[in-house]
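Undergrad: Sequence:
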Amino acid sequence: MHLLFYSFLVGSIGSFASLVLTKKYRNKFASFCVVLEGLICSYESLSIISSGKTTTFNSNQLLPFFGIRLSLDPLSAYFILITSLLAIAVGIYQLGYIRHSTKAKTPTFIYPFFFTSMVLVPISNSVATFMASWEIMAITSILLVLTDHAKNNNSGHATQWYALMTHLGAASIFIGFLILSLGTKHQQFSSIVMSSSSLSTIEKSLAFFLLFIGFASKAGATPFHVWLPRAHPQAPSPVSAMMSGAMVNLGIYGIIKTGMTLIKVSEGWWWIVVIAIGTISAIYGALQCVTNSDIKKLLAYSTIDNVGLMIIGIGASGLLATAKDEKFALFMISGVLFQMLAHSIFKGLLFLSAGSIQYSTGSLNLDQLGGLLKKIPLTSTCLLIGAFSISALPPFSGFSSEWVLFEGLFRSILHLSGVNRLAVLFGLSGFALASGLTATAFVKTTGIGLLGVARSSHAETAKEVPPTMLFSTFLLALSCLVIGIVPGYFLKLTMKSSQLLFPAKKLSPNFKYGSIDLPNLATNIDPLLLLVLFTIALLMILLLLKAAIKRKVRITNSWGCGNEYSNSKTQYTATSFAEPLQRVFADVIRPDQDLVVSHVEESRFYVNNITYSNLSQDSIERFVYVPIKRAVTTWGKFASQMQNGSTHRYLSLGFIVLLIVILVLS
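1 is the number of the first residue of the sequence shown in my numbering; add one for each residue after it.
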């Protein structure tokens, strides 16, 4: 625990130093402090996970009235480890990303506090400490989203949505904690655990769903996701990487913490609802991911998709625990944590690669890109590795993590019965559909964005990013490969971390040549062997082709159907690629399509210009949140008319209220 305090001190020094140092040194020093803070936190987290011990810290002086209560256990250490690893990569990336910015003080000053707050949230051990850390994380992230508000008019509007949703979520969490605290005079989590059994089923159910809604809104689960595709495209890419790769994990942490430790597993129908929300999130996020052309918005929706997969796994683990099958519940929650690790790494890689593309071309619109594999091959390779990982292709991290999660869901069906089995089967079906849609989305992203010829002058003149940005993305790309090839070690890490949830059960995988061997579950996978076999098969195919083809092979542009005069107008666009799926799921996506035909002045029979637009909007935002916003605005206008400063009107209203009270009480 003491090492964490030293890391917080290092981060604070870097933050305040950025206010006094010159532009030449402030970013370098602040980034160095962030990287050092991340290394210290990573070391401390690994030590706690390996030892399985829990360390605590209590003080009555730091937080007024309530004091501060901290506890570092293997589960919280795992979340800190993921956050720290991503923060190290982002800290290195920032050296090149904001080097030429004239307003670099804001992100360099706030970012260390944002990182520190994300470390404080999982180690908070009381309601007051947790809510204080949660609010610091919310405020710092809001300020980071506003970094480019001077250049981007949409930044302020996106921040308003994010601020509203995050504070409504915080209010829901706080009320849930208050209900759990009814049975005790103390607000420490240990006291809540002991007193939660005295609460009625209605009280526990209300507390669980209030807490679930609050944490699910931070994780970006549907229908509480509307802030996420708005905030991510407007925030700087390093901030988007941390928010999507690390901050949403804390929403998952909150669901696991409250549902499996504070309240304990109580009612099976809770977890059926959780699985349903996770399935809807996975499918809806994947659909929106397929139909969007902005890379960062596409990645934001893919986060909703992956969060949905994790929530499905949490729901299945809860059902298994209610059925007293804690061994498989442990395996299921370990799969969720493994998926979280893989998602954090490849989503950080994808957002940083998107930032590099924006840095090189000035655009994130796929319809304006193309040919980047030749122009910026190193950045494009990193994006490809991230796309392979999120599409669950072997031997990358997404394949191993999704295989473990899918294996757990499949075996959950065999170990459950009745409605519980149907719920997991529903989640498994949604898992499969979302995985296919995700793969389609990233075929579109890489095929349209990287292949073919440039669709704009910006893409035509793209150049590689600075070395620090490349180093950071290559570091994450290598991590995707390592996690995918040797998944056994990382799954063992997740099982040690989740052991606290089910201390009576142990399920340790065998780590041998990168395979996952779980003899008790009769399951085995060896991604390293798959990689070797795939490489051998590819080499054999290439040798056979070389031996079979004697004539000279004509080489022409890709995606040109053999046309040597291929140009940007003869290529598929991201919009046209997604159009068939958009048509199939039109009732869910509800796209706005418009066709404008203008004619020449001399005759209406001659067309001058045809403009077609196909805008994919968020259906839930349009049909749920916009009407609520409109109703609140209408009520606000009415209320403002009542508050016009007239003393006579105030006295009249007070008299009317007094009469109503007298009539009611009489």
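Calculated from the structure, these hints are not laboratory results. One should not assume that every hint holds.
BS3-like cross-link-like pairs, simulated, lysine-lysine; straight-line CA separation at most 27 Å [to be verified]: (1) 53 - 375; (2) 374 - 546; (3) 53 - 324; (4) 53 - 327; (5) 375 - 463; (6) 185 - 327; (7) 374 - 463; (8) 23 - 463; (9) 24 - 492; (10) 327 - 28; (11) 374 - 53; (12) 324 - 264; (13) 637 - 546; (14) 374 - 324; (15) 24 - 264; (16) 492 - 324.
Here are the computed distance ranges between Cβ atoms for each label pair [to be verified]: (17) 167 - 603: 56 to 66 Å; (18) 23 - 167: 25 to 35 Å; (19) 156 - 23: 50 to 60 Å; (20) 458 - 609: 21 to 31 Å.
Cβ coordinates follow ideal geometry from the N, Cα and C atoms, glycine included.
Undergrad: Flag every earlier hint the structure violates by its number, smallest first.
TA: 1, 6, 9, 10, 11, 13, 14, 15 and 19
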